[in-house]
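**Student:** Given only the sequences and the hints, what does the whole structure look like? Please build it.
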Amino acid sequence: MGDFTFQELTSILAMQGFVGISLFSVLLLMALGLAIIFGQMGVINMAHGEFMALGAYTTYMLSMFTRTHYPELMPYYFFFAIIASFLVAGIVGYLTEFALIRHLYKRPLDTLLATWGLSLIMQQMFRTFFGSREVSPALPDWLMGSWMPTDSIFIPINGMFVLGLTTVVTFAVYYLMYRSSWGLNVRATTQNRVMSGAVGINTKQVDRLTFALGCGIAGIAGAAFTTIASTGPTTGSLYIVDTFMVVVFGGAASLFGTIASAFTIAQAQSILEFFISSSMAKVLTLLTLIIILMIRPEGLFASKVRK
Amino acid sequence: TEFPTAEVNTTGLAVTDDTVTVGILHSLTGTMAISETGAQEAERLAIKQINESGGILGRQIRVIREDGASDWPTFAEKARKLLINDKVAAVFGCWTSASRKAVLPVFEQHNGILYYPTFYEGLEQSKNVIYTGQEATQQILAGLDWVAEEKGAKTYFLIGSDYIWPRTSMKIARIHIEQVLGGRVVGEEYKPLGDTQFGSIINRIRLRKPDVIFAAVVGGSNVAWFRQLNAAGINSDNQTLLTLSVTEDEVLGIGGENLEGFYSVMKYFQSLDNPNNKAFVEAFKAEYGEDSVIGDVTQAAYLGPWLWKAAVEKAGSFDIDKIVEVSRTGEIELDTAPEGYVRLHPNHHLWSYTRIGKWNRDGQATVVYESPELIEPNPFPEGYQ
Amino acid sequence: MFEVENLQVSYGQSQVIHDISFKANPNETLAIMGRNGMGKTTLFKSLMGILPSSASKLEVAGVDLLGNESYQRVAKGVAYVPQGRMIFPNLTVKENIETGLKVGKYKEIPDEIYSLFPVLHDMRHRKGGNLSGGQQQQLAIARALVTNPKVLLLDEPTEGIQPSIIKDIAKVLNEIRKMRDITIIVSEQVLSFTMEIADRIIVIEKGKFIHEDLREAVDADKIKKYLTV
Amino acid sequence: MSTNTDFLLAIEDLTVSFDGFKAVDSLTMYIDKNELRVIIGPNGAGKTTLLDLICGKTKASGGSIQFKNQEITKLVEHQITRVGIGRKFQTPSIYENLTVYQNLEVSYSEGRSVLGSLFFKSTPKLEALIEEVASDIQLTELLDTEAGVLSHGQKQWLEIGMLLMQEPELLMLDEPVAGMSAKERDETAELLNRLCKNRSVIVIEHDMEFVKKIARKVTVLHQGKILAEGAMEKVQADEKVIEVYLGH
Amino acid sequence: MNFFIERFLGGKQGAVAIGILALLILVIFPLALDLFRLNLVGKYLTFAFAAVGLVLLWGYGGILSLGQGVFFGLGGYAMAMFLKLEASDPESTAIQTTPGIPDFMDWNQLYELPWFWVPFESFTFTLLAILVLPALFAYIIGVAMFKRRVGGVYFAIITQVIAVILTVLIVGQQGFTGGINGITDLRTLNGWDIRTDSAKYILYFINALLLLAVIMISRFVLTSKFGRLLLAMKDKEDRVRFSGYDVSNFKIFIFCLSAVISAIGGAMFTLQVGFMSPSLLGVVPSIEMVIFAAVGGRMSLIGVVYGTLLINFGKTGFSETFPELWLFFMGGLFIAVVMFFPNGLAGIYNKYVSKLAFLQRYLPAIKLPKSKADTQSNASSSASTSDNAAEGAKS
Ligand SMILES: Nc1ncnc2c1ncn2[C@@H]1O[C@H](COP(=O)(O)OP(=O)(O)OP(=O)(O)O)[C@@H](O)[C@H]1O
Ligand SMILES: Nc1ncnc2c1ncn2[C@@H]1O[C@H](COP(=O)(O)OP(=O)(O)OP(=O)(O)O)[C@@H](O)[C@H]1O
Ligand SMILES: NC(N)=O
Ligand SMILES: [Mg+2]
Ligand SMILES: [Mg+2]
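Residue numbers (this note's numbering), protein chains in the order written: chain A, 17 to 323; chain B, -6 to 378; chain C, 631 to 859; chain D, 1079 to 1326; chain E, 1095 to 1489.
One or more of the hints may lead you astray.
[As the list claims (entries may be wrong)] Ranges between beta-carbon positions, derived for each pair:
(1) B/G175 / A/D157: 37 to 45 Å
(2) C/D843 / A/S196: 47 to 55 Å
(3) E/A1307 / A/S197: 58 to 66 Å
(4) E/A1307 / D/Y1108: 52 to 60 Å
(5) B/K144 / E/Y1205: 29 to 37 Å
I should point out that these hints are in silico values taken from the structure, not numbers from a laboratory.
Ideal placement from N, C-alpha and C gives every residue a C-beta, glycine not left out.
**Tutor:** Here's what the structure looks like:
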């Protein structure tokens, strides 16, 4: 690979940098909802990927609807789709908490089984309603193509969009969890449900809304991913392991840890990938994770409290 | 009757005086359901049509459907069930090579017959399998010859999903490019199945500036792959891309706008203009809805029941050995195949045309090249192993 | 002010609280004494709505608590300092106290709290879980006080606290009881502390109240005798 | 810097800090064989942290701890236990899902390796020891009860019992009578007085009544340092101790 | 004899339970089912090994591994490598470029057997490898994790990550491993055709007997002091440490043991099903193994066998009857078990069946603790502490 100019090389470097950042934002967006549900509430939600898929399908439905009924609104529908995905996934999450999760707070590991069952059911529902084939919504034109700061650098607009969205959602989550009194209730409840009730927190409501919020954020992630990949009934299962990895590796209860972990994984993967095959890059990235967890057994940003 | 059961079924298959039972074995659930749905629908359509036209040796075909669930062990288990428990006279099914490899010993041990519809890597020829899709050389060599000739391609970038079919296909492609076409392979990359991050590979493509991207990315990854290509400014205006694995099914997810102007090499496109295909498309849409699309594998799957019918009728028997025997005569043929005309080669594969389609925005392809004659299947190509 | 009638509590098959009834007035401190395992904690937890219980009457200032969840009881004016502290280990000291601010009239942590427990002010940004045992106990009391309750339930509040602060706590409890006219129900093992704050002393034995006396009427030795039978 | 001594436990210049906060600050202190030492001090003085340091739960930032002239700051928890140090936690730490009997049995000092525990067999000696300990801690009646349902005080005793099963040379108790009723405090005091006959004991307590019953020598800790040391009466009268700890 | 009953069977009740299980899998199934179904049951029972391993590791040890498929796969691959080499003799592979090596190597342009395949030409080595490889691998992971005190969900996720790594490696290195296809078309074991009907019967019985043996060994472990220490560690790890135990060693041991048990299942899977593939060692099968254990009752060695059978019969049955909707049933089944029978099948047994049984009279007077699902082991462990000693003194 000798014949390229210095300028080309810098362009490639810039673009490769963006590949890492873009993977980072994807991972982080996937993980944010789980950081709340798993990191804060301790619920091992194996159906988290399906909630993402739910958001993606919502976006797809809305795009079909807009296209047939209000074609002139196509350029704008995506914003509504994000909100709708949040709401739909959030509402389903709310119901899930009510029907299932609230009975299991004393047995956190059992949430793994119940939500695994839930994920099977949701997958089958997607298949029944939308068929086995993958779908992808028609995207507004402004989301396609790329931004060219110079004539040899192409920064994909969908990647920038996801990055922007991730930033917004991250700040919102940070504010909600660490700066609002609601967040204080959430954190108290998840640390000691009984005692939180005894200081006046309506823990049932907090639980339900927290779970719904986490699922809603998964829905947003799902909506965002329709700009990158297609959605099928089993799409969710593709994401779930990575998502858990990001959250756990960061130190389950730390939002900052989740961010740092998504960043580390994304950069390791994308840098390695440029030099070796993607499967070996993945293996090396994962091995690095394991070694780092050996050094920091409770994740990158463990919140250490004496026991 | 004309064909007494005792005569047409000497090996205890599930054949009665008026029915014959067959199995359909595809993934209805799991990641592969996406691809296998169409195949499974086409097989059912063919069986329905055969039944409507009087069945086979005077018997109606009864179908047992099993779900392979995208899981190879399950495929093997279900194949065993179909053969041992249900004693089906034939099985139509499988999509991935992995699932075929998993069921192959079962079919060989219990002497069943499998009609396998997917384009695949070759290097296999089982007595108990009829391959109705193309093997690697049929698809690849013609395709590469065409880009070399038409586009004057010299440098090639190979990319595929990480499993046996793309890897074998690329191996053949590389040999052909380097030794026959005198070109150069400037990159060869594989992505795990289902992966959606192609940014790094795209950057590498940009570095190497190949004349042709030659792709065998499978399933859901395709959407990410083409969307990201497009967003990176690589499109048919500035890049030739030929893929082995995009059919109308995948286009549905990818979106025509992301694919416009790129090429697929296949034996079948829905847009093929011939009376057989017109009738087939019409019947398919009547059965499964106006919006349904038909891809290469779907069509190949449709051939399965018809080829089986032809063989059974020629043999005058449902016995597997007799079917295999007549299949090996090289005389089983279908004038009514949607792809035009097919004939079964003694090596269990089909003679077929190879076509190159250029994708349009509406998700259909325009055939820009068709091999002048049927291409002989050659699962063990000399010099390409 | 605080009325309980026919309270029964069981763990599964085994009944632990048998038909307890009592009344406490505003500006009164009731001490519940009893040996280990006699049901004090169980009583408090059931009053707080943490354990399921049955009763024919349960009222705070005429407001019914029966069937209410913990948080509703808190909203109606009950506050609780559990045995074993149960602070929120991963919240900072400040945040721990703030969890109690929801229901009370305070918007911010009142200075009295910090002047009663100066160490909590010094350590307000430290994680609750990193405090020493006694500091955590102080935190638990502070958290309950900021809810500005009508009824304050204290389950062995002085456990692990240094003598000087125990004295301070006694003083403060006596003060706020008078100032805010609240009812305090406390279970306690340290006799001196009990004698300093209690108006009435009830002895609990195997889930039943077996004895009751006004503080003026008893001395430490007498109570000790009840507790050793 | 450390020298060979007759002390059972020699703590010299011990320091630990958490994010710059020195919980134990250049502490030097010695415990004799068969001594019963009471440590008191304000909340947050560093008493629990000191025990944490001795038993290996927390690693020291500096200084040395020698047990029978063996440096133990480098050892890990189970090794420290094996050299003969037993520790009771501030909140009772017992196995709620095992019976009282099993709690005691599991704490016995034989069969501590993987294979040893696989092929471990109960012996009459063990039986007798369990009986003895159970009666010491007044849980004979409850041997077959699941420990989770014991009352707070009983849990405290059970944990002491579990330590006795280890037959340690140094026993460290963090607030052993917290939450106990008056009678049980008396009984615990007796128990401790009996226990210290052939081993050393370190007790941390805030209950002065109790301390008086057991104390021979008292160490007062304040801000990680020794504030006063000596006989109970002397310490109680110390103005500084009254100021920071006892109150007026 | 008493010792055997107490320690290997789990007392009289345990003996009855094992007896019933033995009757079911050794007599009733072979008589009632045709060979095809029996072979399926044989396959299910190989997963039961993994579930039994999880009872030790997760149920008692409190260590959740989401990577048991890795060990199942190691055992399975070791066996498959041996069988594949035997199936790849130069005659049957004559059409290859390099005859005598496995077909997939030939397809991937390998011209020589890779070095790490060579020892698998020996059957003895293979048998050893099936036991030692997973133990060694588990040991390495165990030392790396438990010595560093990685635990709880961190350990669970790491084991899951290891499952991912192994899958990616196998799929990515297909020349050496057969890739996503796995290792297929296995035929004979030391010349004995494993595909014949009689071989299927024999393998079924070997498998069933091995399973029973593994259960008894596990029972021995659980009724020992080690078993009680596991429960103790699950409850208060620190206390165990301060009682003088090197907790990490205990965890490492139980992890290795459960790995070996899984691996035996994997090897038996290969023998009975005739191939091995990465889809058996990834994330999903590993989670399914946990589900088998949970549905059976994670504290019950016998319950998990029934759990495994139930789920797999359900999967096969539902998917044959409702090929397009069976996931609804499976999902519903998991949720129902978790919600209504938190202790799995063993919990149902304890709650309903055992109450009826006369055995109730022999249970200790005290109420059985809620968290202990397994009557068989429990009744004996709480009752036998004193019984045991008495009997020990007699003998
Ligand atoms: N979760 C439980 N399940 C069953 N029984 C319990 C449970 N908790 C407590 N008990 C039993 O209830 C009785 C009362 O316990 P409780 O904790 O209320 O006593 P207490 O008076 O607060 O004792 P202490 O002074 O030790 O705190 C005890 O006999 C105890 O064994
Ligand atoms: N991990 C930690 N991080 C921060 N501060 C800590 C940590 N551990 C202990 N501390 C602080 O160190 C000081 C000593 O704590 P320690 O628990 O030893 O006190 P103590 O003497 O046992 O008090 P008490 O009598 O209340 O039990 C306290 O101020 C505590 O807040
Ligand atoms: N045969 C294939 N494409 O897997
Ligand atoms: Mg109590
Ligand atoms: Mg302390």
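**Student:** Hint by hint, note whether the structure agrees.
**Tutor:** Verification of the hints:
Our hint of 37 to 45 Å for B/G175 and A/D157 holds, since their Cβ atoms are close to 42 Å apart. Our hint of 47 to 55 Å for C/D843 and A/S196 holds, since their Cβ atoms are close to 49 Å apart. For the pair E/A1307 and A/S197, the supplied restraint of 58 to 66 Å holds, since their beta-carbon distance comes to about 60 Å. Checking the proposed 52 to 60 Å range against E/A1307 and D/Y1108 shows it holds: the Cβ atoms sit about 57 Å from each other.
Distance hint check for B/K144 and E/Y1205: the Cβ-Cβ separation is about 35 Å, which falls inside the suggested range of 29 to 37 Å.
Checked against the numbered hints listed earlier, the structure breaks none of them; every hint is satisfied.
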